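Chains as they are written, first to last, in the UniProt record's numbering: chain A, 1 to 419; chain B, 1 to 419.
Treat the hints as calculated values from the structure; they're not laboratory data. Note that the structure is a prediction, hence the values are computed from the model and not measured. Hints are supplied without guarantee of correctness; some may be wrong.
Stated by the list, open to error - Derived pair list, reagent style EDC-like, types lysine to aspartate or glutamate, alpha-carbon separation capped at 20 Å:
1. A:K278 - B:D53
2. A:K278 - B:E74
3. B:K278 - A:D53
4. A:K307 - B:D53
5. B:K366 - A:E147
6. B:K27 - B:D41
7. B:K307 - A:D53
8. B:K84 - A:E414
9. A:K366 - B:D135
Protein chains: 2
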Amino acid sequence: MSSLSDLQSRLDEASAAYEEFASRGLKLDITRGKPAPAQLDLAADLLTTVSGDDVFTPSGVDTRNYGGAEGLIELREIFAPLLKVPAAQLLAGGNASLTFMTQALTFALLHGTAVDDRPWGLGPHKLLCPVPGYDRHFTLAESLGFELLSIPMDDEGPDVAAAQRLAEDPAVKGMWIVPMYSNPTGITITDRRARELAQMPAAAPDFTLLWDNAYALHHLREDHPDNLDILSLCAEAGHPERAWIFASTSKVTHAGAGVSFFAGGPATVDWMTANLGKVSIGPDKINQLRHLRFFTDSAGVEAHMRKHAEIIAPKFDAVLTALDEGLGSDDLASWTSPEGGYFITLTTMDGIADRVVKLAAEAGVKLTPAGATHPYGLDPNNSIIRIAPTMPTLDEVELAAQGLVACVRLASFEKLMAG
Amino acid sequence: MSSLSDLQSRLDEASAAYEEFASRGLKLDITRGKPAPAQLDLAADLLTTVSGDDVFTPSGVDTRNYGGAEGLIELREIFAPLLKVPAAQLLAGGNASLTFMTQALTFALLHGTAVDDRPWGLGPHKLLCPVPGYDRHFTLAESLGFELLSIPMDDEGPDVAAAQRLAEDPAVKGMWIVPMYSNPTGITITDRRARELAQMPAAAPDFTLLWDNAYALHHLREDHPDNLDILSLCAEAGHPERAWIFASTSKVTHAGAGVSFFAGGPATVDWMTANLGKVSIGPDKINQLRHLRFFTDSAGVEAHMRKHAEIIAPKFDAVLTALDEGLGSDDLASWTSPEGGYFITLTTMDGIADRVVKLAAEAGVKLTPAGATHPYGLDPNNSIIRIAPTMPTLDEVELAAQGLVACVRLASFEKLMAG
């Protein structure tokens, strides 16, 4: 690549740049996919859409009392076309889709699914995890006793051939997938790859796609991919119950005080509703009514999401610009350029992601721990870093990205020198 | 008891009274423990306590974003003294204590408890169920794979000797109990009985009291029993982690849009928090802030509960008066006179509860199905009827109670004639 003295001088340069950055004593955090206060402000008016004397839905439900496990029909009708599912097959729930995921997986462990009533928990149970992926998916599944099997992701989606080989084991019960603006790479699954997943043979009759559409509506650009109708693709492929769809308004209205959604095939929705009835008194319908009144219709949701994009697209651009300017001319790293979602994935040279994260921490930039994007926290190449640019201010994001660049440069030249 | 002709004439009388009531074509429902709209109105101002520009807690938390699995400390401090637990050992959660129950039991099944890390789900697992009891407890536990073992209740609480005998089986993991104004009898456990439960030997090292304090604050009269400090009783008995306490504001503010609570021993609260962190992004903190601002302090909660009592005490009195006037002079039935809670239990002659429920349905009065107060829906004596007088108007409750009396009289004389 370069001569040794050349390398040494570039390492010295990188070291000096890092020291300069570290000496500023900054405290920056680009670890979690949290909305910024300015984004939360966008839904300020939602909080007062329901007052004490105006608590009924258009169809006459008193939202203050018990009942209605499936959620308000009027809200489901707003989100159904956005998520490309029939309203009758969409449930509106509590404040977190993670709860729906926990519930659906727990029901399957205890009672089996709508397709096969043999409880998953009776034998070994495994899930396929496209990597890099979402740490909370892995933690949840591991806590429920699933063995996690990594499969590769590329820029069209998960490696279906790899998935299919592993799914020859009937203990493989399904696969996590974030189909739109994947956490953390930001890629969106192609129509072709989705069809292949819908059709894919699997030994478990109830092999399930855990279709976490967390960023279904979270476009950064005017031109953007559209959501897939995965339920129809699965039905056409003869697997009408294969996809369990999860979504929420956590990053649409208020994180932690939004509304979650679950959709699936007709039998799956019946199965979910029946099981929910045993463990839940139903969702917070008042909060669902707030959402209904705030958005009015599907177009209202889309208009609202454009306001989010105005706030966060510049932050993504700031990171991409810093990476391009700081790393673009060398062959030190690569990164994704998402059209939506909450994350950018940076791929360093093999073996240095943890060193970059450590250097960054010492220089005042908190990054998601290396490995977090892989099951059991183990990135075999030690090269994946997840960047979450939404929460800090634009100035902070620019600084953090500069710091990150300095760390990647230093760790890269250290490694090249070490040889 | 009486001569046959005497009985026949009383049966004829009862039959005529029943026909007269049935001919009115009423439609009444005293099945579920739901608050009446007038009770829900009491918390009308809660809905607008948080507006768009005023979303921070006193300690500076932005309630709109992720984080804080344990719930808002200021709200926990309000409810801790009311529930007789330390605020540090009280978690504030989502909209339903049933969810906390499901989560705690599921964690124990998967991971064991704070006392013993052997998962309950690895072997047979059983729960003691004082009867009559709460149908949702039974349904939930059954859906989680627990075998349900009935033990008797009397007017001081569960039969501890019976519990102790059954708890010699290490598969018996715990016991349901509604300590205050039990569902459905309305009795409150005595201090002595609670001490015995705290001290009781059990083969399972993590034998647990599922202490569902659903009606902790729901007094009907100015003079009322006080909540027990069960955590201290358990600690004194050498079982500091024995009690898991559940409560909620479902019948304080809005049913389905309230705040739930979980408390336990120090290790149990750590165990619960750690496990919740894997399956939840945290509770709806905005709704917790609404509750905090609405109540201000513990006295605010107590003042609020007195307004509930003003609305529902007359409904309880109407039922008790009707039962007394209609059944008091014969030896046909007995009933509880609760000082709080949501239910009255009527005990008929053996073998006719289902007949009473059927007669009532045909006469336009919907009652909770006979047997619902027992595991698997099986009341061995077929004699327990749960009356829920809160939801209908006072006039409707009076009518329903008159109808119920007519049904009990008819079914009783039918049985006496047959018998």
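For a C-alpha distance cap of 20 Å, please report whether B:K366 and A:E147 respect it.
Distance ~49 Å between B:K366 and A:E147 Cα, so the pair is violated.
Does B:D53 lie within 20 Å of A:K307 when you go C-alpha to C-alpha?
holds (18 Å)
A:K278 paired with B:E74 [C-alpha distance capped at 20 Å]:
violated (32 Å)
Please verify whether A:K366 and B:D135 have alpha carbons no more than 20 Å apart.
With Cα atoms ~49 Å apart, A:K366 and B:D135 exceed 20 Å; violated.
Assess, step by step, whether the Cα of B:K27 is no farther than 20 Å from the Cα of B:D41, and give holds or violated.
Measuring from Cα to Cα gives roughly 24 Å; hence the hint is violated.
If you draw a straight line from the CA of B:K278 to the CA of A:D53, is it 20 Å or shorter?
violated (38 Å)
Proposed proximity, A:E414 with B:K84 (alpha carbon, max 20 Å)
Violated. B:K84 to A:E414 sits at ~59 Å, over the 20 Å cutoff.
Checking one constraint from the list: CA of A:K278 to CA of B:D53, max 20 Å. Satisfied?
violated (38 Å)
What's the verdict on B:K307 and A:D53, does the C-alpha distance respect the 20 Å limit or exceed it?
holds (18 Å)
Violation of the numbered hints given earlier is confined to hints 1, 2, 3, 5, 6, 8, 9; the remaining hints are satisfied by the structure.
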